[in-house]
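Enquirer: Next come the chains, spelled out residue by residue.
4 protein chains.
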Amino acid sequence: MQLEVARLGHVALETSDLESSIEFFHGTVGLEIVDRDDDSVYLRAVDEYDHHSLSLTEAERSRIDHIGWQTEAPKHVAAFADRFADRGIDVTWIDDGVEPGQGEAIRFEVPNGHQFELYGEMEKPDPPVERRSKLKNRVYDPSDNNPIAPHRIDHLQIWDPDGFECAEWIREELGFQVQEYYDEADGTRWGTFLSACGVKIDLAVVQSSSADDEPAVHHVAYGVDTPNDLFAAHNVMNENDVPVDGIGQHGISRGEFMYARDPTSSHRIEFNTGSYLTLDPHWEPVAWEENDISDGDDHQWIGGIDNLERVYY
Amino acid sequence: MQLEVARLGHVALETSDLESSIEFFHGTVGLEIVDRDDDSVYLRAVDEYDHHSLSLTEAERSRIDHIGWQTEAPKHVAAFADRFADRGIDVTWIDDGVEPGQGEAIRFEVPNGHQFELYGEMEKPDPPVERRSKLKNRVYDPSDNNPIAPHRIDHLQIWDPDGFECAEWIREELGFQVQEYYDEADGTRWGTFLSACGVKIDLAVVQSSSADDEPAVHHVAYGVDTPNDLFAAHNVMNENDVPVDGIGQHGISRGEFMYARDPTSSHRIEFNTGSYLTLDPHWEPVAWEENDISDGDDHQWIGGIDNLERVYY
Amino acid sequence: MQLEVARLGHVALETSDLESSIEFFHGTVGLEIVDRDDDSVYLRAVDEYDHHSLSLTEAERSRIDHIGWQTEAPKHVAAFADRFADRGIDVTWIDDGVEPGQGEAIRFEVPNGHQFELYGEMEKPDPPVERRSKLKNRVYDPSDNNPIAPHRIDHLQIWDPDGFECAEWIREELGFQVQEYYDEADGTRWGTFLSACGVKIDLAVVQSSSADDEPAVHHVAYGVDTPNDLFAAHNVMNENDVPVDGIGQHGISRGEFMYARDPTSSHRIEFNTGSYLTLDPHWEPVAWEENDISDGDDHQWIGGIDNLERVYY
Amino acid sequence: MQLEVARLGHVALETSDLESSIEFFHGTVGLEIVDRDDDSVYLRAVDEYDHHSLSLTEAERSRIDHIGWQTEAPKHVAAFADRFADRGIDVTWIDDGVEPGQGEAIRFEVPNGHQFELYGEMEKPDPPVERRSKLKNRVYDPSDNNPIAPHRIDHLQIWDPDGFECAEWIREELGFQVQEYYDEADGTRWGTFLSACGVKIDLAVVQSSSADDEPAVHHVAYGVDTPNDLFAAHNVMNENDVPVDGIGQHGISRGEFMYARDPTSSHRIEFNTGSYLTLDPHWEPVAWEENDISDGDDHQWIGGIDNLERVYY
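Chains as they are written, first to last, in my numbering: chain H, 925 to 1237; chain L, 925 to 1237; chain C, 925 to 1237; chain E, 925 to 1237.
Be careful, since some hints might not be right.
Identical copies go unnamed one by one, so any copy, or any two together, can satisfy a pair.
[Unchecked claim] Straight-line alpha carbon distances no greater than 16 Å define the calculated EDC-like cross-link-like pairs of lysine to aspartate or glutamate that follow: (1) Lys1058 / Glu1213; (2) Lys1058 / Asp971; (3) Lys1048 / Asp1204; (4) Lys1058 / Asp1165; (5) Lys1048 / Glu1208; (6) Lys999 / Glu928; (7) Lys1048 / Asp971; (8) Lys999 / Asp1020; (9) Lys1058 / Glu1214; (10) Lys999 / Asp1019; (11) Lys999 / Glu1045; (12) Lys1060 / Asp1050; (13) Lys1060 / Asp1216; (14) Lys1060 / Glu1208; (15) Lys1060 / Asp971; (16) Lys1060 / Asp1107; (17) Lys1058 / Asp1216; (18) Lys999 / Glu1028; (19) Lys1060 / Glu1214; (20) Lys1058 / Asp1068.
Hints are computed from structural coordinates only; laboratory data are not their basis.
Isolated chain H (complex conformation) (with noise of 0.2 Å):
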């Protein structure tokens, strides 16, 4: 049996006021509630089937709790935690329901900290009866989406004290492709771009500025249309006082984007179109070095980062 991981699944975020987070992800962003507790709220984006592609959870401060990925079948589950084992690697079971909407899963840690976990199945609850589209293939109505509601999860970005030892740890054990990857001219690799679906960005590792950091997460991005969707969801930004980092092209990857940050946990998310599918079974990755794109402190193709502070937790 190959195990595979079909793709990244959830990103599970803590927050010191988690009223003041919903009130971001939810009602500035447009991200939908499907599900609170006690201390969460689980959140989807509006062509989202699955139960939640973020959660937010009350803390004592802002940070990443867990990465969640959805094996290619629910049995994978049990083999990669049969794999793990024999590789002396701790895994921890999670029952089916414990985190609301998902069915059975275990977490363990990657190297370096950040908590990794694989669940094969998902609820896929409706929308509220008058908020499903009368499309058999669209989840909620756009009447009343959010103006600027972003789509789906596209990728998560998180910083490594060891960025390479991060990456090639998940593309050897997880089986993720590089798509992409950035050298610094010291031979340092400052970022690796991983695709846990095999065609498509899912998950970047980047090299930390200093060994001692904690993982963080750099930012969670969901895809938006166009340029244009980048531009009108900036406005509403600026209009709420919500902290914006930059809006441009990466080089890498070429997507579009438009940075933001929950006023409260700092918690970045990004704003994404553009890039490209990898269908080629012969894709190799782009190998990419210091200067290669023309404005190379930011690694930016088209306008750029203004302020990327890095969250320390």
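Fit chains L, C and E to the given chain H structure using the hints.
Expert: Relative to chain H, chains L, C and E alone:
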């Protein structure tokens, strides 16, 4: 004193079910409700400062009451009244405030029956403070706008039993300029596209199929940014069981369009973008003849009109 | 070994006037000419690395020669050949290089007559050096591209005298997945929308109106970015007297489309955008029934198809 | 007779390397060459009827020669000349045809040194027949246009050692209206945004950092349709090693922008979209004060200006 009409101001429509028409124009289309009285509601688009660009009044049946035009200066209202008196044209004075938000005005009938109104001043009420944009040159903060809300009234198209006569009168008496016109093979002037403001089409007068037809409104057009927005608006119409009459690009005016109809009153609205400005002081009207545009039967350049029901009142 | 088809590779079309069809596919549409030999020309889109996604060959009349699919691994080609031999399906081997740029391949007939080709490897020629993008992950520099040049081949739609039988065979023998399907009121499977790559529609098989119809191509679809680009392409078609069959949005697939036809060969191309990815490992085919989509006769959600001529060869 | 300037007509720029600047303005940006003589080339945008909106002349160094404005009527040229004579302002007559395509004109200096030209008539040469659009209201067929070709000249921004004085003179003597203005904390009028045509900004006068600065051009703006087009143009600039100074949205005017510079002459062009029309006869200038726009240092609402080099001639 050169009398001038500055711009299209508002269209006063009647409907047999006010609440239901409000649901369409406000709830679905995204015009903002500025004012209400017993039988009427006054709406404007999200980028309009003036009190209203559309009014809806409950009446026995669907019809248009009048079309409001703002003069270049307030004093032009009385001056036009004097001129019309000289010409033997009946004028009715409307006192300041009778139409909410509007200064004193005159109403009169153009050939074949459409009621026009000229006024000089209209209030510019602020939006609710929580919805005011942080930009000094934008009215509503887009955060809470309807996702498809158009920006501004753009133009009006009317059917007339003798379109040529009607358009000529408007040109001569009101000083509108002809931006484009379209002649059928037998020499009939099918449509005249007039500019009050001098830089874009404000009023299209098109020929009714029968000389016995009552004057009627073909559509009221509101502007959006891009053809993408036309698709977004069409999606919302379909989700809400609103009849849609086409999407595409006109040959005349070059404007891209999407037509939808209030299910209750059948009043048609055009979502409109594209077109061009005629800042050229030597602009000569564009003279179309039948078959000049490839898809000649409906004068469209791209796409077309599926089902253009004439509204009979 | 699990045999897999990785993706739609190319479509081999024949035309009675090669130069004139080149003028359409290259000159008007903006596909790039990569290679020519005596009777054929090989084209790719501006964001494609592989040698060709379309070939045109001069022949007595317009027809489709074959549809090329790339296997997940080169060795799958021979493995598929073995499997087909076991099933009693005739296979013809095509030597490396017989089709320019392509490794060894097999051709065979799917039920009712379409010719399929499976190959594992294709050359990735660089564009002319002066046209290579400065971005390492982009093929052509957009500076000199045709203004409407689509990016990549997206999918193919074929007519089949027994569409259900054909689609079932492809699903069972080639491992394609069903993403959506559409049944008429009498239970006839009008259309099956299949994925080779697993994440999007690559092949639509639709029912011919007559069981005597020869298999035929409905359209070859190439991707663009936005509905705006569909209007831009439609404009260019109209300016060049290219017949256009509609603009709008499909209900099935949710893709926005514009259809145009090579005036010489009548081969139809779709400019296509929108749609969605099915990364979900538990995706269930979307089952449409007649009248599920409002504008039922042509299965469109927005706009529609004006004149969908069946191409008879 | 009320003397009126109808619109911005053209900007006459000088460059030390004509061929190289043609390569930028024609080859990269996509302005069309209409005419050439010994030292000069005359260009227009693809949706312009008049002979030119930009001229380039070979000279010792990069500078602006004059800014051409078209009067509402040809007779206004002489009337303005008379008025200036009364005011003691020197006027130079330019004979019909001296500037190719242009009728007789006057040139004069506005306070602090910019040279203005007023003319009443300009030829409207047809494009080459094979490039004429089939639409009677469109000049060039987009089939062969440069993929990023802007449509029309939109406005001009100039630096002036005493911007307030300059803008006031233009308002009083030429009848321009103020659409917006921006005052710094110390009361200095940083910028005045003026309208000649009455419905949109045609000229921005901004304060030089030093009173000794020679008058200079900040940028010439040409219009495109959408922010997507700004990204497309920026891509082309990057591919061609053209320096780019930013992409985003201005707070003042609300226009989205992308700035690029001719690598030879350093003349800056703005690709521009968005903004709004002021058809309102009671429009009051929008009064900005420092810090009214969030990103106050460069007055931008979205994105910003990376590197706004002052061009010293």
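Enquirer: Now tell me, hint by hint, if it's right for this structure.
Expert: Comparing the hints with the structure gives:
no.	hint	in the structure
1	Lys1058 / Glu1213	between (48 Å within a copy, 13 Å between copies)
2	Lys1058 / Asp971	within (13 Å within a copy, 30 Å between copies)
3	Lys1048 / Asp1204	between (31 Å within a copy, 11 Å between copies)
4	Lys1058 / Asp1165	between (35 Å within a copy, 10 Å between copies)
5	Lys1048 / Glu1208	between (35 Å within a copy, 12 Å between copies)
6	Lys999 / Glu928	within (10 Å within a copy, 21 Å between copies)
7	Lys1048 / Asp971	within (12 Å within a copy, 35 Å between copies)
8	Lys999 / Asp1020	within (14 Å within a copy, 41 Å between copies)
9	Lys1058 / Glu1214	between (49 Å within a copy, 14 Å between copies)
10	Lys999 / Asp1019	within (14 Å within a copy, 41 Å between copies)
11	Lys999 / Glu1045	within (10 Å within a copy, 33 Å between copies)
12	Lys1060 / Asp1050	within (12 Å within a copy, 42 Å between copies)
13	Lys1060 / Asp1216	between (45 Å within a copy, 8 Å between copies)
14	Lys1060 / Glu1208	between (37 Å within a copy, 12 Å between copies)
15	Lys1060 / Asp971	within (12 Å within a copy, 31 Å between copies)
16	Lys1060 / Asp1107	between (45 Å within a copy, 14 Å between copies)
17	Lys1058 / Asp1216	between (47 Å within a copy, 8 Å between copies)
18	Lys999 / Glu1028	within (10 Å within a copy, 37 Å between copies)
19	Lys1060 / Glu1214	between (47 Å within a copy, 13 Å between copies)
20	Lys1058 / Asp1068	within (13 Å within a copy, 24 Å between copies)
Of the numbered hints stated above, none is contradicted by the structure.
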